[in-house]
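Given next are the chains, with one letter for each unit.
2 protein chains.
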Amino acid sequence: MQNLKDHFNILVGQSGGPTAVINSTLYGIIKAKKAFDQITGIYGMINGIEGYLKKPMVDLGLLSDEETELLKTTPGAYLGSCRFKLPEDYQAQVYRDIFARLEADHIDAVLYIGGNDSMDTVARLSEYGARNHSPIRFIGIPKTIDNDLIETDHTPGYGSAAKYVAASVRQMVLDAEVYAVRSVTIIEIMGRNAGWLTAAALAARKYPEDNPVLIYLPETDFDMADMLHRVRDLLSKRNSVVICVSEGIHDASGRLICNLEHSTGTDVFGHQLLAGAGKVLENKIREEIGVKVRSVELNITQRSSAVQASFTDVSEAAACGMKGVSLALEGQSGVMVTMHRQDTPMLYTIEYRGTKVGNVSNQVRSFPLEWISAEGTDIKIDFMNYLAPLIQGESFPPMENGLPRFLYRRQSV
Amino acid sequence: MQNLKDHFNILVGQSGGPTAVINSTLYGIIKAKKAFDQITGIYGMINGIEGYLKKPMVDLGLLSDEETELLKTTPGAYLGSCRFKLPEDYQAQVYRDIFARLEADHIDAVLYIGGNDSMDTVARLSEYGARNHSPIRFIGIPKTIDNDLIETDHTPGYGSAAKYVAASVRQMVLDAEVYAVRSVTIIEIMGRNAGWLTAAALAARKYPEDNPVLIYLPETDFDMADMLHRVRDLLSKRNSVVICVSEGIHDASGRLICNLEHSTGTDVFGHQLLAGAGKVLENKIREEIGVKVRSVELNITQRSSAVQASFTDVSEAAACGMKGVSLALEGQSGVMVTMHRQDTPMLYTIEYRGTKVGNVSNQVRSFPLEWISAEGTDIKIDFMNYLAPLIQGESFPPMENGLPRFLYRRQSV
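Just so you know, the sequences run in chain order U and B.
Each number in this note's numbering comes from the position in the first sequence (counting from 1) with 987 added on.
Each number in this note's numbering comes from the position in the second sequence (counting from 1) with 987 added on.
Calculated directly from the structure, the hints in this document are not laboratory data.
The structure presented is a predicted model; accordingly, all values stated were derived computationally and were not measured.
Do not rely on the hints blindly, as some may be mistaken.
Stated by the list, open to error - Derived DMTMM-like pairs: lysine to aspartate or glutamate, alpha-carbon spacing no greater than 20 Å straight-line:
id, chain 1, residue 1, chain 2, residue 2
1, B, Lys1193, U, Glu1054
2, B, Lys1193, U, Asp1369
3, U, Lys1193, U, Asp1369
4, U, Lys1193, B, Glu1053
5, B, Lys1343, B, Glu1387
Model the full structure from these sequences, guided by the hints.
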């Protein structure tokens, strides 16, 4: 489909939590301008749809080639992000404000990079546009380390985070095993509702009996007594026990393990101490078994580590950006870019398509139960067929004086 | 000095906390066998001097060339480690046991890789040997991410940990700055008594006013009220404030900040909650200022990350191992390998020497006060002249299926 107007301006936004490759997608979108000569301008909204009404756009065409290349390997979110939910009522003023601004800015397509919540924004804007016969196209591009979007084989951001988790756990296991004393190490990994990222700890094992010997996801109920029993048994056979847990593990009643301590712990200032799931397990094991215990939260390094990101992930994130541009040029709207693994033996290939964004928004794709062991304490090796291609290859940011160079906008000071 | 016996067997031990490069030193020692044909065997003690009396040595000559190369880029401690203090009483049975075993094993030199406490072990064994006219030589080889050994410009392990800290803080700052809401992020870095590693966060800044805007070391007294005042002021000018603190910061009375919460916090199981310094600051800022606050502990990843270690550090760690062998062959004992930066403009070079290990053991080299700002809240840029060479160059472990390959001994299961 040919665009017959004298301009085709694209506006890009980033939304939700940052990842190692959300800027790789932005890179892909900027590079698409070279591939499609209909495109007249590519602009960025600062701090997502929330910031768009308050701040001027930035002209991404002004980035030099070197800056654009830097973007590909820069973590965080170059354009800034937001956590903002559009109202259900399409009569709300905010819709009129956004569309007035888009028209004033001569925008023809909005590409929005984000996770489940951000796809809700794309769905609402495209619905409002359709109701009001707006020609502006709205395309969602997936991004989340949680890998919990439906209708796509995986999400950009997951591969790099999974690679970081697997490599870090493998290194921490070497560290945990140096002493000839019995000890337990608990590693808490991001994932409130879905265990995809925690499951990647399986790849850390160097041989079948290797640590981490226990892996717990939020897809099954966590049983404290059973865990203590297993740890006791394992400690009778080996010195070092390493356990990986998702932050969102819960008991059979659905109560989060990380909430167990809320009721009584207060600090000197009188407020409640919030302990993570790992900390709760640490305290319980120390109390009940009395061995040396340590808990580690991988925390925001999981989603911001670009120093050894997955080359596959970086490349796919850029390709998703390009596909988003191409869908917009085709005249599609209310669509999210999806990735489909081709069923080719021995060869990993991805086909990029689009799906109605309304199918995706506000849904969670859980980690499949068939890849969790019957006891709920381990991940089956079958999962590796799915995971392995996603963590292949190394992407390195350029280094300067021994440290990674990144592209950034200065904070106003 | 020529060794006139028909053997020169070296026994190596690793002791104290692991680093990214303690195995690089072991690699250097094994490679030294090629350089010095007097050496008849190189053996490893498992779990340091404590394990030596209980477990058979391993013959490091049995490692293949490929395995030896893998050792160079493997974190942890391949031989295992211990935390063990020899008694002050040289009449103690343990000394007689160790020397009887060394003689039975035909050991001519013991190389012990470790930090302050491990140097105490070297000092005591060489002193006992001297008193009892033993020909066995004892050499210490420095290792600690804390960089707190005296008589040496720096210690192997520090450069890689500092590079990891600087790169991680730089990435976390990008992450912390994505939202247009006021927020504080606290990053807690290892260092109970010395602030060298936390000071490396200075290198994370991309421009002078960049985050982290506050850096606190244990070398000065931490003033909570002053910190709160500064954070309030900073938040009036910028959205995101990132603070780096050493785990060992303390108030003017010497009380550790991380102990502030010990007295009252108890969890549901009735035991005290131990909160790190970062957590204490997080709670205090939330309570007093009421903004979004997050604290992150870099934890054991700081000392176990080999995926992008400092090439300078890895090379120097190996060179320290080689130097230890050469000192032993010269007939020295009770000596620790030291590194001396040559005063050559524009060119960083290190000369390797030895110093009496008794000068070093049980001493702590603090971060110099002249590199701390007058207010005690920042590090002066002068420090970068010292730090920059130590983090130069990248060392990468070989990759296999997207993850780093390491050399390991299997845990007995």
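Hint check:
1. Lys1193/B <-> Glu1054/U: holds (15 Å)
2. Lys1193/B <-> Asp1369/U: violated (43 Å)
3. Lys1193/U <-> Asp1369/U: holds (16 Å)
4. Lys1193/U <-> Glu1053/B: Roughly 17 Å separates the two Cα atoms, so the pair holds.
5. Lys1343/B <-> Glu1387/B: violated (43 Å)
Checked against the numbered hints given earlier, the structure breaks hints 2 and 5 and satisfies all the rest.
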